[in-house]
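K.L.:
For the protein sequence lines, the chains are A and B, in the order given. In this note's numbering, each residue's number is its place in the first sequence (first place is 1) plus 367. In this note's numbering, each residue's number is its place in the second sequence (first place is 1) plus 267.
Please keep in mind that the hints were generated in silico from the structure rather than gathered at the bench. Please read these numbers as outputs of a predicted model, since none were measured by experiment. Beta carbons: idealized from backbone N, C-alpha and C, even for Gly. Do not take every clue at face value.
Below, simulated BS3-like cross-link-like pairs (lysine-lysine); rule was C-alpha separation at most 25 Å, straight line [to be verified]: (1) A:K463 with B:K320; (2) B:K324 with A:K463; (3) B:K285 with B:K338; (4) A:K370 with B:K324; (5) B:K285 with B:K324; (6) B:K338 with A:K463; (7) B:K337 with B:K285; (8) A:K463 with B:K322; (9) A:K463 with A:K419; (10) B:K285 with B:K320; (11) B:K337 with A:K463.
Just a sample of chain B residues kept apart from chain A, beta carbon distances all over 10 Å, derived [unchecked claim]: (12) G283; (13) V291; (14) M294; (15) E329; (16) R340; (17) S347; (18) Q371; (19) T382.
Going by beta-carbon spacing under 10 Å, a handful of chain A positions derived as facing chain B [said to hold, decoys possible]: (20) Q405; (21) I414; (22) I415.
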Amino acid sequence: LAKTTQPISMDSYEGQEVNITCSHNNIATNDYITWYQQFPSQGPRFIIQGYKTKVTNEVASLFIPADRKSSTLSLPRVSLSDTAVYYCLKGGNNRKLIWGLGTSLAVNP
Amino acid sequence: DVKVTQSSRYLVKRTGEKVFLECVQDMDHENMFWYRQDPGLGLRLIYFSYDVKMKEKGDIPEGYSVSREKKERFSLILESASTNQTSMYLCASSRTGFGTSGGQYFGPGTRLTVT
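Start from the sequences and build out the full structure, keeping to the hints where you can.
P.N.:
Okay, structure coming up:
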C-alpha cells in the first residue's frame with residue numbers, strides 16, 4: 368500500500384531552522400513531491416514542489432535524495448507565524464494522490 | 268493570485284437533506300478537486316474533475332456525487348446527508364497534472380454539520 372509518512376508533531380524556537388521529513392515508499396517515476404502549509408480554519412497553501420535533488424524558493428527548501436523515497440522540507444529561521452500543520456503530498460499524472468497526515472509544527476518564542 | 272471560493276464557510280443540515288457545496292476558481296484551471304478533512308485522517312480525496320463534464324472517483328466517493336458543467340465551477344452533492352458526513356470540505360484546483368506544475372490551490376473550506 369502506497370503511503371506517505373511524516374512525524375505527527377515537532378517543536379522549535381524562533382530563529383531556528385526546521386527540517387520536516389516525509390517518507391514515501393513506492394514512488395513512481397512521474398511522481399512529484401509537494402508540501403503544503405495549513406493554518407486553522409483555512410485551506411492548505413502550496414509551499415514548494417520538487418522531483419529530485421534540491422529546490423529552493425523564497426520561503427523554503429526541499430531536498431529529495433537520489434532514491435526519492437523521502438523528502439525533507441527545510442524552513443530557515445522560523446518565526447511564530449510559521450506555527451501550522453505541514454502536509455507532504457506524493458502525486459503525479461497517474462492521478463493517484465497520496466497525502467501524509469500532516470506534521471503540526473509549534474514555534475515557541 | 269489564484270482564487271478559489273466556496274459558497275459557504277459554515278453549513279448546518281439535517282439528516283436526509285440534499286446538500287450542495289459549490290466551488291469556483293478564477294484561473295482557468297483544468298483540474299478541480301473535492302476533499303474532506305477530518306481530525307487524524309488528513310485530507311481524503313472524494314472526487315476530481317480534469318475537464319468539463321469529466322469526473323473520476325477519488326478514495327472515498329460513497330455518498331457523494333459531483334457536477335462540472337462549466338470549467339470554473341465544481342459542485343459537490345450529498346444526495347442524502349448523514350451524520351458521518353459532518354466534516355470540513357475543501358475544494359482545490361490545479362493548472363495541469365495531479366501533483367505537478369505548481370501544486371493545487373485550495374479554497375477556505377466549508378464546515379458542514381449534519382444533525
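K.L.:
Give a verdict on every hint.
P.N.:
Hints, one by one, checked against the model:
Distance check on the hinted pair: A:K463 and B:K320 sit about 20 Å apart at the alpha-carbon level, within 25 Å; holds. Between B:K324 and A:K463, the direct Cα distance comes to roughly 11 Å. Compliance with the 25 Å bound is thereby established for this hinted pair. For a cut-off of 25 Å, the pair hint linking B:K285 to B:K338 stands: about 23 Å separates their Cα positions. The straight-line distance between the Cα atoms of A:K370 and B:K324 is roughly 19 Å, inside the 25 Å bound, and the hint therefore holds.
A C-alpha spacing of about 20 Å is found between B:K285 and B:K324, which places the hinted pair at or below 25 Å, so the restraint holds. For the hint linking B:K338 to A:K463, the alpha-carbon distance of about 22 Å falls within 25 Å, and the restraint holds. Between B:K337 and B:K285 the CA atoms are separated by roughly 21 Å; this keeps the pair inside 25 Å, and the hint holds. For the hint pairing A:K463 with B:K322, the CA-to-CA distance comes to about 14 Å; that is within 25 Å, so the pair holds.
Distance hint between A:K463 and A:K419 is fulfilled; the C-alpha atoms sit about 19 Å from each other, no more than 25 Å. Proximity of B:K285 to B:K320 is assessed by CA-CA distance (about 21 Å); at most 25 Å being required, the pair is judged to hold. For the proposed pair B:K337 and A:K463, the alpha carbon gap of about 24 Å is at most 25 Å, so the pair holds. The claim that B:G283 is not at the interface with chain A holds, since no C-beta of that chain comes within 10 Å of its own (minimum 28 Å).
Distance check on B:V291: its Cβ is at least 14 Å (rounded) from any Cβ of chain A, clearing the 10 Å threshold; non-interface status holds. Under the 10 Å C-beta cut-off, the non-interface status given to B:M294 relative to chain A holds; the minimum distance is some 13 Å. Residue placement check: B:E329 keeps its beta carbon more than 10 Å from all beta carbons of chain A (closest about 18 Å). Distance check on B:R340: its Cβ is at least 17 Å (rounded) from any Cβ of chain A, clearing the 10 Å threshold; non-interface status holds.
The Cβ of B:S347 lies farther than 10 Å from every Cβ of chain A, with a closest approach of about 26 Å, so its non-interface assignment holds. Not every CB of chain A is more than 10 Å from the CB of B:Q371 (nearest about 7 Å), against its label as outside the interface. No Cβ of chain A approaches the Cβ of B:T382 within 10 Å, the least distance being about 21 Å, so the stated non-interface status holds. Because the smallest distance between the Cβ of A:Q405 and any Cβ of chain B comes to about 8 Å, under 10 Å, the interface hint for this residue holds.
For A:I414, the shortest C-beta to C-beta distance to chain B is roughly 8 Å, which falls under 10 Å, so the interface hint holds. At a threshold of 10 Å, the smallest CB-CB gap from A:I415 to chain B is about 9 Å, leaving the interface hint in force.
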